[in-house]
Structure formats: C-alpha cells, structure tokens
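**Student:** Using the sequences and the accompanying hints, generate a full structural model.
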Amino acid sequence: MKSHTAYLSFDIQARMAFQNITTQVEAEVRQSGVREGLVLVNAMHITASVFINDDEPGLHQDYAKWLEGLAPFDASPQRYRHNRTGEDNADAHLKRQVMGREVVVAITDGKLDFGPWEQIFYAEFDGRRKKRVLVKIIGE
Amino acid sequence: MKSHTAYLSFDIQARMAFQNITTQVEAEVRQSGVREGLVLVNAMHITASVFINDDEPGLHQDYAKWLEGLAPFDASPQRYRHNRTGEDNADAHLKRQVMGREVVVAITDGKLDFGPWEQIFYAEFDGRRKKRVLVKIIGE
Amino acid sequence: MKSHTAYLSFDIQARMAFQNITTQVEAEVRQSGVREGLVLVNAMHITASVFINDDEPGLHQDYAKWLEGLAPFDASPQRYRHNRTGEDNADAHLKRQVMGREVVVAITDGKLDFGPWEQIFYAEFDGRRKKRVLVKIIGE
Numbered sequence: 112m113k114s115h116t117a118y119l120s121f122d123i124q125a126r127m128a129f130q131n132i133t134t135q136v137e138a139e140v141r142q143s144g145v146r147e148g149l150v151l152v153n154a155m156h157i158t159a160s161v162f163i164n165d166d167e168p169g170l171h172q173d174y175a176k177w178l179e180g181l182a183p184f185d186a187s188p189q190r191y192r193h194n195r196t197g198e199d200n201a202d203a204h205l206k207r208q209v210m211g212r213e214v215v216v217a218i219t220d221g222k223l224d225f226g227p228w229e230q231i232f233y234a235e236f237d238g239r240r241k242k243r244v245l246v247k248i249i250g251e
Numbered sequence: 112m113k114s115h116t117a118y119l120s121f122d123i124q125a126r127m128a129f130q131n132i133t134t135q136v137e138a139e140v141r142q143s144g145v146r147e148g149l150v151l152v153n154a155m156h157i158t159a160s161v162f163i164n165d166d167e168p169g170l171h172q173d174y175a176k177w178l179e180g181l182a183p184f185d186a187s188p189q190r191y192r193h194n195r196t197g198e199d200n201a202d203a204h205l206k207r208q209v210m211g212r213e214v215v216v217a218i219t220d221g222k223l224d225f226g227p228w229e230q231i232f233y234a235e236f237d238g239r240r241k242k243r244v245l246v247k248i249i250g251e
Numbered sequence: 112m113k114s115h116t117a118y119l120s121f122d123i124q125a126r127m128a129f130q131n132i133t134t135q136v137e138a139e140v141r142q143s144g145v146r147e148g149l150v151l152v153n154a155m156h157i158t159a160s161v162f163i164n165d166d167e168p169g170l171h172q173d174y175a176k177w178l179e180g181l182a183p184f185d186a187s188p189q190r191y192r193h194n195r196t197g198e199d200n201a202d203a204h205l206k207r208q209v210m211g212r213e214v215v216v217a218i219t220d221g222k223l224d225f226g227p228w229e230q231i232f233y234a235e236f237d238g239r240r241k242k243r244v245l246v247k248i249i250g251e
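Protein chains in written order, with this note's numbering: chain A, 112 to 251; chain B, 112 to 251; chain C, 112 to 251.
Rather than coming from a laboratory, the hints here were simulated on the basis of the structure. There could be a bad hint or two in this list.
Which copy? The list can't say, so a pair holds if one copy fits it or any two copies do.
Pairs of lysine-lysine residues, derived as BS3-like cross-links and limited to a Cα-Cα distance of at most 27 Å, are as follows [claimed, not checked]:
no., residue 1, residue 2
1, K241, K222
2, K176, K241
3, K222, K113
4, K176, K222
5, K113, K176
6, K241, K113
**Tutor:** Right, dumping it as structure tokens:
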C-alpha cells in the first residue's frame, strides 16, 4: 500500500469565499503514483468546508445567500452563545456543517474518478487568517 | 491491497425520488472479494446524493417536504442566480448539500458493517436524465 | 494492509447531546499499529451523527438550538409522516442529515492528522437507548 500526504494553504481576505482546488488535488494524485485507491480532502479548520459541486459563480452566490439565511452572521452574544467566548464566528461553525468537512474521492487508473461536472472546492466561512486543507491518498 | 470499481446507472422520471441501493452495493462487495476494507459510494452528479438512513416511505416524504422548505424549487432567475445560466435546478444543488454526496462504509468479515436500520439510498433532486453512482472498494 | 475494527457504546439519557470521543478514537488508532492510513468513524444508528468541530459548550448549545429550528421535535403524526409509524423521532432523522453520519480522518505518522481545534463528537438526537459507533482503521 502506498500513501501520500500534502497540505494546501489558504489565506482568503473575504469572510466567505469558494475556491476551486481540483487542479491541486489532481497534482497530488499524480505525485502519489497511486493508480487505484482513495483520496481524502478535508478542511483542517472548523469554520471551513471542502465540498464537491459545480464551478459556476452564480451557484456560489446562491450558496452564500442560502447559508446566510440558514445561519446568519451575528457577532453579538445574544443569538449565538459561542460568541460569548469573544469569538464572532459561531455562524461559520454552523455553515460549515451544512457544506461538510471533507470529501472522499475514488482514484481509478491514476485519476480522480469524477462525473462530468464534479469539482472540489474549499469553502471559507471565517476568512482573514491562514488555514489549511489536508490531502491524504492511499492505494496502490 | 485489492480494489474494485463499479458504476450504477439511474434514469428516474420524477424530479425528486429516493431509491434503496443497498442490495446493489452488497453485490459489489461480494464480487470484490474484500473481507476487511472500506467502500465509498458517491453520486457522480451534483444534483443527487447518496446517504444512509431508514427505508421508511413516510420518512422519505418528510425528507422531500423538509428539503423543499429549506431550498424551494424555483425555476426563475430571481431567487437563484444559477438559473440565469438557463438551468432551472439551483434548488437541487442546495438540497444535495444537505443530504451529502457520498457515504463511506466499513467492510468487516466480507460484509457491510451496518447497524440495525442502516440502508444506502440514492437521492435524485433533478431527475429525468441519466445519472450514475460510483462504488469503489479497497481492502484485503 | 492492516485493519482494525472497534465499536464504541453509548447510552445517553438526554434526547439531544454531544459527546467528545476523540480520546477513544485515538486509543483505537494506537492499538491498530497503523502509521499511515485512514480511520472511518460513523454512527451505526440513523438518529445520531459523528462530526468534527470545536469542543466549546456554548457552540454545542448553538447547534442544539439551530437544529431545533431547522427540524423541530414534534411527536404528532401531523408534521412528520414518519411519526404515523408509532415513532416520535422523525426530527432526529432530519437533524442527523444536517450534522452527518460519519467522518474520515487521515492517520499520519501514527496519529490523527488534525488541525488545531479539530475534535470528534458523537451527536445523539434520540437518546434513552443503547447505540454504537463504528471505528474502522485501514493502512500500514
């Protein structure tokens, strides 16, 4: 069994943003030499997500608006108890649960085994700080 | 390490539907010969989900109604920017994020290592076209 | 390839609760002897979740309140068709989909490859009965 580990770094200036990381994950798969296996891609921070969907800017605006409706930003400690700790990012911890922490993707014949529109995104919900994504590959 | 890859095909005529695929996944596990390992089951399309829950029709009606409340179908480009592209399925991209893209299930002693009520479902949120689910098994 | 399987047991008296299980998962990783690989941690019951987020009690109160807003408890068969079966836990099946069934975590150099605040939680949405979590480790 082969394994390969890589860390992608982000420092996004917006509070909320979506960034396509498919090319970076593909590069790690190539470097791993794995032909058949699995790749795990996960946010290492708890106010961020990794998810798979369409690379369409309108859709990303829809996600942002929809998540803001489901879990509105509110820095005050009245709506969110977490913000009594001095943080202002409780909403980001909620948004991240809707979009998920991680994806697991099959590697077949040395490539991400994707449907026609699948792309991997890093989603930031509490930007303006350094964050990382883990790419872990196992297989043969 | 052994690996096994299979693709399940769907062509569901309803816009939204839930289909139990546990038997099909079990058949792939048997065919793989893997006794200890993991199976990844994921939608290959971004307006569909794979999830694990109860095979109870009333619950599936509850999911449908609840998801419609969280992310209503609306073909117009006013509510959803994605629908300015000519698509009418922005709601399906949102519903899929709530229900998830994929499940990873343990294989123990040659079988899906499931609790008493766990069943695997394909969830369609934008039907009337051909779609696929990937089953990827690794282990020994 | 090595593999290791363990089952954690829970009997939580509250309807809804969040319990940190990171130490228990770490113990299984050590016992497995795996240095590079993946660990799957999943609820074996369909009204419970396993998720990764912050070990901060205020945040857990925020999750509880937020989930209650998204999918309110209602034992009557009017709101939820699932409760026509004699169950009263349809809301728990919905809450579990928001928080997720499982997490997959990388094992690097014999340890959970975690960011600074990542902790693994068992989330109970329909307590007062025995439930289990599966820990499956594969790697080398």
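**Student:** Each hint: holds or not?
**Tutor:** Status of the hints after comparison with the structure:
no.	hint	result
1	K241 with K222	between (29 Å within a copy, 23 Å between copies)
2	K176 with K241	within (24 Å within a copy, 30 Å between copies)
3	K222 with K113	both (15 Å within a copy, 17 Å between copies)
4	K176 with K222	neither (34 Å within a copy, 38 Å between copies)
5	K113 with K176	neither (41 Å within a copy, 44 Å between copies)
6	K241 with K113	neither (30 Å within a copy, 35 Å between copies)
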